[in-house]
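Make one complex out of these two single chains by using the hints.
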Amino acid sequence: GNSVTQMEGPVTLSEEAFLTINCTYTATGYPSLFWYVQYPGEGLQLLLKATKADDKGSNKGFEATYRKETTSFHLEKGSVQVSDSAVYFCAPGGSSASKIIFGSGTRLSIRP
Amino acid sequence: GAVVSQHPSWVICKSGTSVKIECRSLDFQATTMFWYRQFPKQSLMLMATSNEGSKATYEQGVEKDKFLINHASLTLSTLTVTSAHPEDSSFYICSARGGRAHNSPLHFGNGTRLTVT
Numbered sequence: 001g002n003s004v005t006q007m008e009g010p011v012t013l014s015e016e017a018f019l020t021i022n023c024t025y026t027a028t029g030y031p032s033l034f035w036y037v038q039y040p041g042e043g044l045q046l047l048l049k050a051t052k053a054d055d056k057g058s059n060k061g062f063e064a065t066y067r068k069e070t071t072s073f074h075l076e077k078g079s080v081q082v083s084d085s086a087v088y089f090c091a092p093g094g095s096s097a098s099k100i101i102f103g104s105g106t107r108l109s110i111r112p
Numbered sequence: 001g002a003v004v005s006q007h008p009s010w011v012i013c014k015s016g017t018s019v020k021i022e023c024r025s026l027d028f029q030a031t032t033m034f035w036y037r038q039f040p041k042q043s044l045m046l047m048a049t050s051n052e053g054s055k056a057t058y059e060q061g062v063e064k065d066k067f068l069i070n071h072a073s074l075t076l077s078t079l080t081v082t083s084a085h086p087e088d089s090s091f092y093i094c095s096a097r098g099g100r101a102h103n104s105p106l107h108f109g110n111g112t113r114l115t116v117t
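First to last, the sequence lines map onto chains A and B. Going left to right, the first sequence walks through residues 1 to 112 as my numbering numbers them. Going left to right, the second sequence walks through residues 1 to 117 as my numbering numbers them.
Chain B extracted, bound-state conformation (with noise of 0.2 angstroms):
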């Protein structure tokens, strides 16, 4: 079945720097990628939609140039977290569709849990 890596599963960072996760389709092409934000015992925040060359699609209230998203292959998407501070700490989620057609599932990464000091 379709398979999405994520990495890390963990980081921890100093308040101020940035931090990069990977989202990687590992057996299938993802045109189109997924973040998602998880607070502790709460539903998952969709950041925004990542498209295979072209500029990421940001939710209402979701800041581009702290959070940076590139697609730069059909298999590729990564996060930045830019200047982070404690309040960025969270689990963060990434998935992508295993096909073309609107019946398909989204297949998830493991999630990156990041603590920022």
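The shape of chain A in the complex, shown without the other chains (with noise of 0.2 angstroms):
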């Protein structure tokens, strides 16, 4: 089945700085690949996603590659906002019926 692994939070860091979290994926063939966003207290939103390798998904200034050379889904942003603090999850997708395991979640607080 698929999994996936996530840079271990939390992250702090100021407002304008860059971001990186990482995220690593062992799936079967060539999964789609999800980023999803939970601000405090709601369910999670889906943030931005690539289909296929070397597509780049993008949303709210937010960026990720899919990279199947490394199996790798890191999600970039060159200007964080205090709005941005929240938990960000990344998962691999599936056969239309299959489950989707999501990683342990990185949250990410922005200081002012």
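Don't take every hint at face value.
Said to hold, decoys possible - Pairs of lysine-lysine residues, derived as DSS-like cross-links and limited to a Cα-Cα distance of at most 27 angstroms, are as follows:
hint: 1; chain 1: A; residue 1: Lys60; chain 2: B; residue 2: Lys41
hint: 2; chain 1: A; residue 1: Lys68; chain 2: A; residue 2: Lys52
hint: 3; chain 1: B; residue 1: Lys41; chain 2: B; residue 2: Lys20
hint: 4; chain 1: B; residue 1: Lys20; chain 2: B; residue 2: Lys66
hint: 5; chain 1: A; residue 1: Lys77; chain 2: A; residue 2: Lys60
hint: 6; chain 1: B; residue 1: Lys66; chain 2: A; residue 2: Lys77
To be verified - Only some residues are given here: those of chain B computed to face chain A with a beta carbon under 8 angstroms:
hint: 7; residue: Ser43
hint: 8; residue: Ala72
hint: 9; residue: Leu76
hint: 10; residue: Pro105
hint: 11; residue: Gly109
It is worth saying that the hints were derived from the structure and are not from the lab. Quick reminder that beta carbons are idealized off the backbone N, C-alpha and C, glycines included.
Here you go:
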């Protein structure tokens, strides 16, 4: 089955700092890859996705590139804001009926 | 976009009572929904996969008689926590795929915070 390893949190940065959250995965075949974000007290929201090798997903200033050779999908943002404080989950997709397993999540806190 | 509505958003119940949580896909049909449990500052633990018109598939260690799942239609799945105890207090989240393709993302409800006193 699929599995994912994420950077251990918490990660604390100052506003406008550069962000990288590492994610590596193991999977059968070439799954789609997703990043989800969970704001305090809420469910998860899709942040971005990439469906094949070398694809770059982007949204709200965040980016992640599907690297097949390193089985990675690192999340990056050039200048973080306080409102980006949340927990971020990396997740490889699978077949339509397969379960999706989430990594441990990375808690991000941004200082003003 | 695809919307998943989860209700209630929070509930407090007494030990020994049962609580039902609903998960609805509002603008799409979901043959498969997933139920997760999340402890404070931890990741989501998949509890079960809810399949429309058939029995749910439970993950190892999850008591099927305690966490009853019913997926009665293509837009509704329910999770009933039976004879709740304080250790069942947690944040429960449901999700559904926005399409049949394997690259369809999951859409999540906003979660239900259950507190058992």
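Practice task
Classify the hint on Gly109(B) as holds or violated, based on whether any CB of chain A lies nearer than 8 angstroms to its CB.
Solution key: Nearest chain A Cβ about 5 angstroms off; hint holds.
Practice task
Please work out if Lys77(A) and Lys60(A) have their alpha carbons no farther apart than 27 angstroms.
Solution key: holds (9 angstroms)
Problem - Hinted pair Lys60(A) and Lys41(B), Cα distance within 27 angstroms - result: holds (24 angstroms)
Problem - Restraint outcome when Leu76(B) is required to lie within 8 angstroms of chain A by C-beta distance - result: violated (17 angstroms)
Practice task
Measure nothing beyond the straight line between the CA atoms of Lys66(B) and Lys77(A); if it is 27 angstroms or shorter, mark the hint as holding.
Solution key: violated (43 angstroms)
Practice task
Given the hint that Lys68(A) pairs with Lys52(A), test it: the Cα-Cα distance must not exceed 27 angstroms.
Solution key: Given pair Lys68(A), Lys52(A) holds - Cα atoms ~8 angstroms apart, limit 27 angstroms.
Problem - Minimum beta-carbon distance criterion (8 angstroms), Ala72(B) to chain A - result: Result: violated, 19 angstroms to nearest chain A Cβ.
Handout entry: When the least beta-carbon distance from Ser43(B) to chain A is tested against 8 angstroms, hint result
Key = holds (5 angstroms)
Problem - When the least beta-carbon distance from Pro105(B) to chain A is tested against 8 angstroms, hint result - result: For Pro105(B), the interface hint holds, since the closest Cβ of chain A sits about 5 angstroms away, which is under 8 angstroms.
Handout entry: Proposed proximity, Lys66(B) with Lys20(B) (alpha carbon, max 27 angstroms)
Key = holds (12 angstroms)
Practice task
Could you grab the alpha-carbon distance between Lys41(B) and Lys20(B) and see if it respects the 27 angstroms cut-off?
Solution key: holds (24 angstroms)
Of the hints listed earlier, those the structure fails to meet are numbers 6, 8, 9, in rising order.
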